[in-house]
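Chemist: Residue-level listing of the chains:
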Amino acid sequence: SQTIHQWPATLVQPVGSPLSLECTVEGTSNPNLYWYRQAAGRGLQLLFYSVGIGQISSEVPQNLSASRPQDRQFILSSKKLLLSDSGFYLCAGRQYTNTGELFFGEGSRLTVL
Amino acid sequence: QKEVEQDPGPLSVPEGAIVSLNCTYSNSAFQYFMWYRQYSRKGPELLMYTYSSGNKEDGRFTAQVDKSSKYISLFIRDSQPSDSATYLCAPGGYQKVTFGTGTKLQVIP
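Top to bottom, those sequences are chains D and R.
Numbers given in my numbering equal positions in the first sequence, counted from 1, plus 1366.
Numbers given in my numbering equal positions in the second sequence, counted from 1, plus 3.
Just so you know, the hints here were simulated from the structure itself, not pulled from any lab data.
In this text the structure is predicted, and so the values were computed from the model without any measurement.
Wrong hints could be hidden among the right ones.
Heads up, simulated DSS-like pairs for lysine-lysine below, C-alpha to C-alpha not over 30 Å straight-line [to be verified]:
#	chain 1	residue 1	chain 2	residue 2
1	R	K99	D	K1445
2	R	K59	R	K107
3	R	K45	D	K1445
Just need the whole structure built from these sequences, with the hints factored in.
Modeler: Shown next as C-alpha cells:
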C-alpha cells in the first residue's frame, strides 16, 4: 500500500525565517503529489501539485515554492515566512485509478510567530 | 466560483441520530465524487466514493449524487461519537484535486 511520510511534524518559526517541509512516498512510483494547507477551522487549500520530477503547478504564488527533485520526494519551501503562513500542511499522493483518490501524510503543523 | 462548496458547520448531533452532510459542485463534467474523513490533527482518509448519479452504501454510510442539481450527500445512520470528525467532499478523476471547506461533525454521547 502507498504511504506518505512527512516531516517535521511540528515546528515554530519566527517571521522572516526560511522553511523546508519534506514529503516522501512509499509503495508506488511516478505518483502525482500535492501540497495542501489547512488554516485553523478552514478547508484544504491546494498550494502545488506535481505530475513528475521537476514539474510543478502552482495554485498559490506569493512566498511559497515547491520542488520535486526525485520521483518520490516533494519539498515545500519559503525564503521568508509570513504570519499568514501558519497552518497545517499536508502532502498527498494520488492513486492511479479512475477515481484518483488521494492518500495523505500525517501533516506538518507550522506556527509562525 | 469554487468547484465544490460545502457548509463548514459545525454540526452537533446526539448519538444515534441520522446525519446528512452536503456539497454542491459547479462542473457538470465531474463523474466521481469522493468523501474523506479527517480526525483532528490528522491527515484526511478516503471514506467512500460514488460514480455518476445514484447511491452507494457502505455499512452505516450512504453516499448519494444528484447530477441534475449538482448535489452530493453523505448520510450517516446511527451516528457514533467515533464519527466526530471533519468530512470533506472532492471530485475525483482529475489531476488537480480541490476540496470543499469540510463540515465539522460532533456526535454527542
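Chemist: Which numbered hints are broken by the structure, listed smallest first?
Modeler: none
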